[in-house]
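Visitor: Here the protein sequences line up with chains A and B, keeping their order.
Per our numbering, the first sequence starts with residue 45, numbered consecutively.
Per our numbering, the second sequence starts with residue 45, numbered consecutively.
Calculated directly from the structure, the hints in this document are not laboratory data.
You may find that some hints are simply not true.
Unchecked claim - What follows is a set of in silico ranges between Cβ atoms, one per label pair, in the way DEER data are often shown: (1) Lys83(B) - Ala168(A): 35 to 45 Å; (2) Arg184(A) - Ala203(B): 21 to 31 Å; (3) Ala168(A) - Glu194(B): 54 to 64 Å; (4) Gly86(A) - Pro200(B): 54 to 64 Å; (5) Arg207(A) - Leu201(B): 50 to 60 Å.
As the list claims (entries may be wrong) - Some chain A residues flagged as far from chain B (calculated, every beta-carbon gap over 10 Å): (6) Ala168; (7) Gly169; (8) Cys195.
We put the CB at the ideal spot given by N, CA and C, even for glycine.
Residues per chain are reported as follows:
2 protein chains.
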Amino acid sequence: MATAETFDAVKDDKEGCKASILRHARDFTWQDLPLLRYKEQGTTFKDITRQVLFDGCSSVPTALRYFEIAPGGHSTLERHDHIHVVMVLRGEGEVFLGSEVHRLATHDIVHIPGGTWHQFRATAGISFGFLCLVATQRDRPQLPTPEDIECLRQNPLVAAFIRT
Amino acid sequence: MATAETFDAVKDDKEGCKASILRHARDFTWQDLPLLRYKEQGTTFKDITRQVLFDGCSSVPTALRYFEIAPGGHSTLERHDHIHVVMVLRGEGEVFLGSEVHRLATHDIVHIPGGTWHQFRATAGISFGFLCLVATQRDRPQLPTPEDIECLRQNPLVAAFIRT
Numbered sequence: 045m046a047t048a049e050t051f052d053a054v055k056d057d058k059e060g061c062k063a064s065i066l067r068h069a070r071d072f073t074w075q076d077l078p079l080l081r082y083k084e085q086g087t088t089f090k091d092i093t094r095q096v097l098f099d100g101c102s103s104v105p106t107a108l109r110y111f112e113i114a115p116g117g118h119s120t121l122e123r124h125d126h127i128h129v130v131m132v133l134r135g136e137g138e139v140f141l142g143s144e145v146h147r148l149a150t151h152d153i154v155h156i157p158g159g160t161w162h163q164f165r166a167t168a169g170i171s172f173g174f175l176c177l178v179a180t181q182r183d184r185p186q187l188p189t190p191e192d193i194e195c196l197r198q199n200p201l202v203a204a205f206i207r208t
Numbered sequence: 045m046a047t048a049e050t051f052d053a054v055k056d057d058k059e060g061c062k063a064s065i066l067r068h069a070r071d072f073t074w075q076d077l078p079l080l081r082y083k084e085q086g087t088t089f090k091d092i093t094r095q096v097l098f099d100g101c102s103s104v105p106t107a108l109r110y111f112e113i114a115p116g117g118h119s120t121l122e123r124h125d126h127i128h129v130v131m132v133l134r135g136e137g138e139v140f141l142g143s144e145v146h147r148l149a150t151h152d153i154v155h156i157p158g159g160t161w162h163q164f165r166a167t168a169g170i171s172f173g174f175l176c177l178v179a180t181q182r183d184r185p186q187l188p189t190p191e192d193i194e195c196l197r198q199n200p201l202v203a204a205f206i207r208t
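Could you build the full structure based on these sequences and the hints that come with them?
Guide: Structure, rendered in structure tokens:
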């Protein structure tokens, strides 16, 4: 974990963690924390960044990431066996979750079970940023097949929302 | 997890989780989510509440809680083997962490390793609210002995800060 301040007076714990403060810099960036690509490659997403706030450790095998979608952007339409717990931190937007589209506002929390199609979009003309909790050991996302997309598009509201 | 909306059209995953949205109501309370006591008993804390946003599951054995300290209040001065990852969501305040006192502002993140004395105080005259990630399986907090307190008080800044 990149940090702006660590405190050498405090011994590391048995997991090698240091007491530290990761300072919020401005506009949902943190001091000395890399602003990363959402994914290393692909064309299934648009205008979205990733910051890893906590990368997990043996006793807390859970990562905490902050994703931010610029106005008009979106995450990948995907599903996977692992679950997500998401909290909106900045702005508002929409999520396609399973079979429906829902508006999301700041501090709303979304629970995405395994095997559930989902996609986030910044549809409100403002940046849409959210925390996402995820297991450090997890399966890779699955993209929809043409048959999956045809099935999802049977609902006209979903057809109008999803981006592939 | 209490939720205002769950979506029956989406099958539960193998962990029994449902697709759901926990709506932020107002002022860092969530719809239908109980506002809990910080701890069931004790006199080592003051004016602090707890809300459990996510209670963990087998694949993500990590709970996400929101604590809020009213102006002038504080959490318990304690330490334990388990780690905390904290993100300030509301207002500002201060933390005693290991051997020093630090100011904290909104969206600052604190990493508290195992075995580290810590205490949060709402010292800025405003509510001080923060997320706290913690393992679902964890040891109980230890309170300082009179000898521990004497030791901590050798630093006058710490002596002035801590509440026991």
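Visitor: Mind checking the hinted window 54 to 64 Å against the Cβ distance between Ala168(A) and Glu194(B)?
Guide: holds, 55 Å
Visitor: Range hint 21 to 31 Å: satisfied by the CB atoms of Arg184(A) and Ala203(B)?
Guide: violated, 52 Å
Visitor: At 10 Å, judged by beta carbons, does Ala168(A) keep clear of chain B as stated?
Guide: holds, 15 Å
Visitor: Taking the CB of Arg207(A) and the CB of Leu201(B), does the distance hold inside 50 to 60 Å?
Guide: holds, 53 Å
Visitor: Find the nearest Cβ of chain B to the Cβ of Gly169(A) and say whether that gap is larger than 10 Å.
Guide: Non-interface label on Gly169(A) holds, nearest chain B Cβ at 20 Å vs cutoff 10 Å.
Visitor: Range hint 35 to 45 Å: satisfied by the CB atoms of Lys83(B) and Ala168(A)?
Guide: At roughly 39 Å between Cβ atoms, Ala168(A) and Lys83(B) fall inside 35 to 45 Å, so the hint holds.
Visitor: Please confirm whether Cys195(A) is truly not at the interface, meaning its C-beta sits more than 10 Å away from all C-beta atoms of chain B.
Guide: holds, 13 Å
Visitor: Can you let me know if the beta-carbon spacing of Gly86(A) and Pro200(B) is within 54 to 64 Å?
Guide: holds, 56 Å
Comparing the model with each numbered hint stated earlier shows that hint 2 is the single one that does not hold.
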